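K.L.:
Here is what each chain is made of, one letter per residue.
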Amino acid sequence: MSELTIAGRTMGSRLLLGTGGFPSLELLAEAITASGSELVTVALRRIDVSGASNGRGSLIDVLAQAGVDVLPNTAGCHTARDAVLTARMAREAFATDWVKLEVIGDEDTLLPDAPELLRAAEQLLDEGFVVLPYTTDDPVLARRLADLGCAAVMPLGSPIGSGMGIRNPYNIALIREAVDVPVVLDAGVGTASDVALAMELGCDAVMVASAISRAQDPVAMAGAMRAAVEAGHLARGAGRIPRRHYATASTPDEGRAEFGLRVHVD
Amino acid sequence: MILLNGQRSEVRAGETVAAVLARLGLGTNARGVAVAVDGEVVRRGDWDSYALPEDARVEVLTAMQGG
Chain U
1 MSELTIAGRT MGSRLLLGTG GFPSLELLAE AITASGSELV TVALRRIDVS GASNGRGSLI
61 DVLAQAGVDV LPNTAGCHTA RDAVLTARMA REAFATDWVK LEVIGDEDTL LPDAPELLRA
121 AEQLLDEGFV VLPYTTDDPV LARRLADLGC AAVMPLGSPI GSGMGIRNPY NIALIREAVD
181 VPVVLDAGVG TASDVALAME LGCDAVMVAS AISRAQDPVA MAGAMRAAVE AGHLARGAGR
241 IPRRHYATAS TPDEGRAEFG LRVHVD
Chain F
267 MILLNGQRSE VRAGETVAAV LARLGLGTNA RGVAVAVDGE VVRRGDWDSY ALPEDARVEV
327 LTAMQGG
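Sequences listed follow chains U and F, in order.
Under the numbering used here, think of the first position of the first sequence as 1, with each following residue one higher.
Under the numbering used here, think of the first position of the second sequence as 267, with each following residue one higher.
Among the hints, a few may not be true.
Stated by the list, open to error - Now the stretches of chain U that chain F is said to cover, found in silico as 3 or more residues with beta-carbon under 8 Å: (1) 31-45; (2) 78-89; (3) 166-173.
As the list claims (entries may be wrong) - Examples of chain U residues lying across from chain F (beta carbon under 8 Å, computed): (4) V49; (5) I60; (6) E92; (7) A93; (8) F94; (9) S210; (10) A215; (11) V219.
No lab work stands behind these hints, which were simulated from the structure alone.
Bear in mind the structure is a predicted one, so any value in this text is a computation, not a measurement.
Virtual Cβ for every residue (Gly too), placed ideally from N, Cα, C.
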């Protein structure tokens, strides 16, 4: 599979892995290996001020051991201001200027808040961040984000964690045409076929979290997603046949036998 | 009174950020940790010298699993 390049960083894997939802750090580590992912997201949250849990094996250690790069997110932020502050904290915590920018506008669907997202992206780009925005499947908004200077766009297939797959494949294909930066399908994946479809639609990569971490066997699903990314990417490159309304015989009629009524087969 | 991650704390004004982290068992080389005071990031290099003002609101964040 050809390499993926985002903002000058080249990766052998086209699967981005979210670390949320894994029942244990051990399973996360195994799933990272099985997925082949080289870029994984993490969130920032308040440290336990009782100090009770600060000594335990840390997520950062697991990720360092796995040899993957960290992509901090701004999950849970509802305003541009909060997202910008969180990104600045992430830059300090993880020594990276990359950020997966999420600005949520609705509690039930966790859909992005477009005006706040644009505002936050503009501010963070001004501050030198490499911004990967989580966005709706709106080709116009994706183009606006790319025009601002975002390093990639991350449209949703369907709401985060819903497992509904890609609700509007047409829009994802339009986004692919609308921007020159990498398109990373970001949310809603339920199973491997969703990932393959995203790649077939022309996405450069897919980000998966819950579909792996909350699967009955997360490590097996990580392997399935890896295979699906590769299959979809290869199929996209190979060029699918057009859809037709009626059958087109794959075996030629020429040379076909014409059996008379008197022919006996014993 | 200083608020540490939203909770009343025994931290006093004048203590450094490094001292607050030490209370939490964290050194100044702690990986994956960031500190903000009153909504502004305090850079790692300033943790030793940054003294908390009266009624400071301190946020100490770290990496958590997240999509």
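K.L.:
Now tell me if each hint is right for this structure.
P.N.:
Hints, verified against the model:
no.: 1; hint: 31-45; result: holds (count 5)
no.: 2; hint: 78-89; result: holds (count 3)
no.: 3; hint: 166-173; result: violated (count 0)
no.: 4; hint: V49; result: 5 Å, holds
no.: 5; hint: I60; result: 4 Å, holds
no.: 6; hint: E92; result: 4 Å, holds
no.: 7; hint: A93; result: 4 Å, holds
no.: 8; hint: F94; result: 6 Å, holds
no.: 9; hint: S210; result: 7 Å, holds
no.: 10; hint: A215; result: 14 Å, violated
no.: 11; hint: V219; result: 16 Å, violated
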